[in-house]
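A.B. asks: Could you build the full structure based on these sequences and the hints that come with them?
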Amino acid sequence: MPSAWRQVLPSYGQRADATRVRTAQSVRGTRARRSGRGSRPVRRLTLVRHGHAEARAEGGDFYRALSAQGRSETTRTAAALSARLPAPDSMLASEALRTHETAQLLSEHLKSGTVIKTSKALYHASSSTLLDVIQGAPNSVQHLLLVGHNPGLSELALRWARRFEGHADFGGFATAGWCSMTFDTEDWRVISSPLDAVFG
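So the numbering used here is basically just the index in the sequence shown, starting at one, shifted up by 5.
Keep in mind the hints are simulated off the structure, nothing from the lab.
Glycine included, each C-beta is placed from N, C-alpha and C at the ideal position.
One should not assume that every hint holds.
Here are the computed distance ranges between Cβ atoms for each label pair [claimed, not checked]: (1) L136 with D201: 32 to 42 Å; (2) D189 with G64: 16 to 26 Å; (3) E191 with L136: 33 to 43 Å; (4) R81 with H172: 13 to 23 Å; (5) G65 with A173: 14 to 24 Å; (6) H172 with T80: 18 to 28 Å; (7) G176 with S145: 31 to 41 Å.
Here are the computed lysine to any residue pairs in the SDA-like style, where the Cα-Cα straight-line distance is at most 25 Å [what the hints assert, rightly or not]: (8) K116 with G65; (9) K125 with D174; (10) K116 with N144; (11) K116 with E100; (12) K116 with F204; (13) K116 with R76; (14) K125 with Q109; (15) K125 with N155.
C.D. replies: Rendered as structure tokens:
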């Protein structure tokens with residue numbers, strides 16, 4: 006396992022106690038689609054911003070839960086992802102309550118069969134930190150779904166959106182906004198220019 010992945014998510018692949026790495030499971034797995042060139046698999050990355058959250062929480066920002074609006078819009082996002090994409094085989098989320106709840110709702114609706122891994126290191130992480138985490142993913146993962154926060158998540162998406170004429174004016178994720186991109190590689194460490202992009 007790459008060292009960067011171990012450092013940010015030291016409990017990857019293990020069932021740690023619920024106070025550190027919380028899990029959510031569903032019943033079905035899938036594989037990311039393959040490119041049209043032979044049997045070489047592509048890697049798919051899906052970024053999702055957390056749903057709308059309550060304005061305040063006892064304990065501060067980290068503990069803000071999803072609002073009714075946030076749950077509704079996350080459910081709509083899950084429906085869109087399910088209709089347009091293969092299910093993820095790995096899910097990561099910031100350990101903040103609103104991102105964890107978003108990931109749980111997505112997992113329930115996507116029926117991906119994956120365990121959600123969470124980390125405080127992803128809480129308001131910069132785009133560079135997010136990219137480091139993504140590039141440290143095990144190559145056994147073909148479709149990685151990451152739930153995070155603005156501005157870092159939108160800044161990361163913007164790096165790639167500019168490469169596509171239809172998304173060059175991307176202005177950032179609204180709550181529960183998402184994008185998904187494929188990369189023509191078997192190695193997460195070298196993802197660079199995406200093959201395609203879908204924004205929702």
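A.B. asks: For every hint, state whether the structure bears it out.
C.D. replies: Hint check results:
no. : hint                       : result
1   : L136 with D201: 32 to 42 Å : 19 Å, violated
2   : D189 with G64: 16 to 26 Å  : 44 Å, violated
3   : E191 with L136: 33 to 43 Å : 18 Å, violated
4   : R81 with H172: 13 to 23 Å  : 20 Å, holds
5   : G65 with A173: 14 to 24 Å  : 37 Å, violated
6   : H172 with T80: 18 to 28 Å  : 24 Å, holds
7   : G176 with S145: 31 to 41 Å : 35 Å, holds
8   : K116 with G65              : 32 Å, violated
9   : K125 with D174             : 31 Å, violated
10  : K116 with N144             : 22 Å, holds
11  : K116 with E100             : 21 Å, holds
12  : K116 with F204             : 21 Å, holds
13  : K116 with R76              : 17 Å, holds
14  : K125 with Q109             : 16 Å, holds
15  : K125 with N155             : 15 Å, holds
Taken one by one, the earlier hints fail for this structure at numbers 1, 2, 3, 5, 8 and 9, listed in ascending order.
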